[in-house]
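Here is how the chains run, residue by residue.
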Amino acid sequence: MEKIIGGIKRECYPLTSAQKVHILTLDYSPTHEIVNIGSGAYLQMKLNLAALREALNRAVERCESMRMRIWKDPESGEVFQYIDPYQNEYFEYYDFSEWEESRVEEVLNKWTSQPFDTYGGKLARIVIVSMPNGYNGYYFNVHHACMDSGSVIAFSRDVMEIYCALLYGMPYPKPMTSYIESVKKDLEYEGSKKQKKDEEFWNKVLEMPEPIYTDFTGPGRLIQLRKKNNNPEQRWGLLPSANGDGSTITYELDVDSTKKIMDFSAQYQLPVSAIILHAIRTVLSKFNDEETDITIRDFVSRRSTLLHKKCGGVRMHCYPLRTIMPLDTTVLDSIRMIKKAQDEIFIHADYGTLEYVRKMRPRYGVAPGGCYHSVNFTYQPGTLGGLGEALNGIGFKSRWYSSGKQPQPMYITAMHRPGDGGLNFFFGYQTECATPEEIEFLYYFTGRVLFRSIENPDKTIKEIIDMT
Amino acid sequence: MDMLAKMKEIICNYVEIDPETINEDSRFIEDLGFNSYDIMCMLGDAETEFDITIDQEEIASCRTVGELIKYCGGLVNE
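Top to bottom, those sequences are chains A and B.
Using this note's numbering, you'd call the opening residue of the first sequence number 1 and step up by one each time.
Using this note's numbering, you'd call the opening residue of the second sequence number 1 and step up by one each time.
Only chain B is shown next, with the shape it has when bound in the complex (with noise of 0.2 angstroms):
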């Protein structure tokens, strides 16, 4: 599965919606309705899920799933 499928099905965890209509433009709170507990808590999943240990201050400026996307996959990467 790729990392766009796999974060979809992260954040239906916490949204209710159609996991077709997120995309990587989709932004966590205007689009998708997440508060800031909730990404908080949405990327502790996703360091479970890829294996990786995200940074607080790196990732405080990403506001789109493509941006956590591209910081994810640079974590697999290293």
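Bound-form chain A, shown alone (with noise of 0.2 angstroms):
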């Protein structure tokens, strides 16, 4: 629809469903910056400063989610996006090449927790940048609303391989496909068949007995809980989130045990994410006196489609894996179980999050904030990497920086390294949730558990418990 917006008329779209929660997350948080995305991708090879400035420009007015921008209608309050029309940019440039990289590493998380104007003004900032060690490249701030990781990764990939087209004559990449396209799908899908098909789906989801939290840290928070509200048989839970405070650690996986968990995929046909969530899910139970009954929240990138691919925005939604196996299950049988469960939220992933907490609070009769999970978990198999490949070698490196805020209390990212490929596991944490020394303890023993598991696939949950 169209609208007038500082006299200028343009066509309006509502926001979707994935972008939804990040708006809601802005109601709730005292600061703005816990929607920031904090990047950098960086060449070790001379920078060329015009032609990476030539290939940004190109890439944002390749991209139309770079040029995104949220409306609040004055009148009606309703929140809508539009596209701005693309304008040549001068991209600002930094010299911290005689730098130490912490210090480096603390500026550009100190720009990443600058917060953006949601309404109305531009949602992304890049940065040019000469880093230590020879490499540069770009930092790239982004709101959460306007993009995700995947499309982060894949406007990195444009502005690199634009940029090699411009000093190397390589091929010129295939476009970006239109990020409006995508939203006009997704808002057909409001009031759809296949709407009503997965709301049927999550109802009967809802019709199960209730789930029951188990925290990364143990019981405890639980019982204690139940002490506050009086009720010793309290089985949702709530964890401490005033201000959002919060950081992220990184666990790097060696290439030799990343194959052994690749190849143990290949070997049994099971997924990446489902192996990595069965370690979660079993480390849980441990840490919760064997429960057999866990729930993890697992967030879907959605896309699936080449239009969804390359698209940009953001596509994410997220629902409860409730899996409920005895202890004598075995490892296969888990991650089978596991997977089961993910193709099913899969198939019925386009329902919105939102919708699904608002019909699952009363059902239960859950607190605003309260909850079965502790833990958010997502795998992205995408990465930048092959593109040292096609430089012929020139070091590649990405980063990823924080706000300083964290949306989630407890997030694992599971993360192919560009380059290696090994996996990268970040955990991003509340700091009122977890401590640096908890939160070593739960990689430690998702490690120890995901390589027994892998050893011994015939083994039972018990048993991999007892090893571990």
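Note that these hints are calculated values from the structure, not bench results.
Note that CB positions come from ideal geometry on N, CA and C, so glycine has one too.
Please note that the accuracy of each hint is not assured.
Chain B side only, calculated, beta carbon under 8 angstroms to chain A, not exhaustive [what the hints assert, rightly or not]:
#1 14
#2 21
#3 35
#4 37
#5 40
#6 41
#7 44
#8 56
With beta-carbon atoms standing in for the labels, derived distance ranges [said to hold, decoys possible]:
#9 23/B x 119/A: 16 to 22 angstroms
#10 61/B x 228/A: 48 to 54 angstroms
#11 75/A x 75/B: 33 to 39 angstroms
#12 354/A x 23/B: 41 to 47 angstroms
#13 74/A x 75/B: 49 to 55 angstroms
#14 98/A x 9/B: 51 to 57 angstroms
Using the supplied hints, reconstruct the complex from the two chains, each of which is provided in its own coordinate frame.
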């Protein structure tokens, strides 16, 4: 629909369900940087400033979601989005090449903590940077209602491929797909037959008996909450998250160990995400008196078609992945059960996350903010790897930066490193909910369970718990 | 349009591949580069296209385009 914004006629669209989650986060957060995603992409080669500026401009021109703006109708209070026409942009340049790596990281984290003006302003900032050790590239901060990590990766790949095309005459990459087309498809889903089918599925999920909260530090928090509410039967948990202060700890799994996981995945035709989820699930069971009913919140990228793989924007939805399995279930059966549960989520993942939560709370009598999961998880198979090969071995690295805020109490992202392909585990956490020592403990046991399971696929969950 | 042609059309919405190179022996994961999420979404499209309901348990062993066509064909004929 057309709207007049700042005296200019704009084609506006309502926000999608994935975007609404981030706008809601802002409503409940005292600071707006909580929705920032900071990243960097760097090549170990001499910087051609003019070519990189040109590449960035071409990439912004091709990527509609980089020019997306959010507007709140002052009369109705309704929130809309529109695409600002492309205008040539001048990207600033900072030279950090003589700085200590840690000091640069501090600066880029600080930049990531600068909030955007959500309603009306630009929702992305790019700065060209020279980094220590001969790396040159750009720092990128973007509003989460504009992009998710999959989009950041797709955009960064586009920039680097255009840069290489300009420098070396390599083939120009295929254009990005239309973000607005993907928005239209999401909006068409509202009220469709498919939505009805998905709703029926989620209603059925909610017919199950109440789940139980399992904390990554053990049962202590649930016990305390039961005492506080004077309800010994209470099954939902509530993590403190008043200010959202947070941090991220990254663990790098070596290439050989990553290969073991990938080989196991190929041998048994089981997805890597289900294997990692099995490990996290088993650790939660171990930490919570061998509980058999475990819920982890699974984030789904919803980027399967070619349109969605390269359209930018934010598409992530998240749902509880609940599995109930006896302790004598074997590792292989556990992973298969998780895969099955995950497949069902995948089929019905277009249903809005907020719609599900709005149904779940009254169904089980859960207080606002209450839930049954303590861990959020996503596996990101896409990487910027391969670019190094395209550049004939020129070193490449990417980085994620922290705004100092975390929207989730505990969010584990497993992602392959560009270059060697090894797995990185990012533990994003709110400082009110976890300490670095607790994260270390969680990672240590997740790793132990993961590899004991791969080495002993016919052992039972109980045996794996006892071995670790 | 026969079922293979329809299936190729659906597959080409998911992966950048020349439809001519897709045949009944093409394996979704190893040859076409699908991941498990792509497969589930593609099955959803097949359900809509052929107006069938796919049983997850029954489809679990389908690894090739030909096996999926055989399975969907059976449901269409029912």
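Evaluated hints:
1. Residue-level restraint check for residue 14/B holds (minimum Cβ-Cβ distance to chain A is 6 angstroms; threshold 8 angstroms).
2. Violation of the interface hint for residue 21/B is found here, the shortest Cβ-Cβ separation to chain A being roughly 16 angstroms, above the 8 angstroms cut-off.
3. For residue 35/B, the interface hint holds, the least distance from its beta-carbon to any beta-carbon of chain A being 6 angstroms, beneath 8 angstroms.
4. Of the supplied interface hints, the one on residue 37/B holds, with its beta-carbon coming within about 5 angstroms of a beta-carbon of chain A, less than 8 angstroms.
5. At about 4 angstroms, the closest approach between the beta carbon of residue 40/B and any beta carbon in chain A falls short of 8 angstroms, and the interface hint on this residue holds.
6. Given the 8 angstroms rule on beta carbons, the hint for residue 41/B holds: about 4 angstroms separates it from the nearest Cβ of chain A.
7. Among the interface hints, the one on residue 44/B holds; its C-beta lies about 6 angstroms from the nearest C-beta in chain A, closer than the 8 angstroms criterion.
8. The interface hint given for residue 56/B is met, as the beta carbon of that residue sits about 6 angstroms from the closest beta carbon of chain A, less than 8 angstroms.
9. In this structure, residue 23/B and residue 119/A break the distance hint of 16 to 22 angstroms, their C-beta atoms being roughly 52 angstroms apart.
10. A C-beta distance of roughly 50 angstroms is found between residue 61/B and residue 228/A, which places it inside the suggested range of 48 to 54 angstroms.
11. Taking the beta carbon of each, residue 75/A and residue 75/B are about 51 angstroms apart, not inside 33 to 39 angstroms as hinted.
12. Between residue 354/A and residue 23/B, the C-beta spacing of about 43 angstroms keeps the proposed range 41 to 47 angstroms intact.
13. Our hint of 49 to 55 angstroms for residue 74/A and residue 75/B holds, since their Cβ atoms are close to 53 angstroms apart.
14. Against the hinted window of 51 to 57 angstroms, the Cβ-Cβ separation of residue 98/A and residue 9/B comes to about 56 angstroms, which satisfies the hint.
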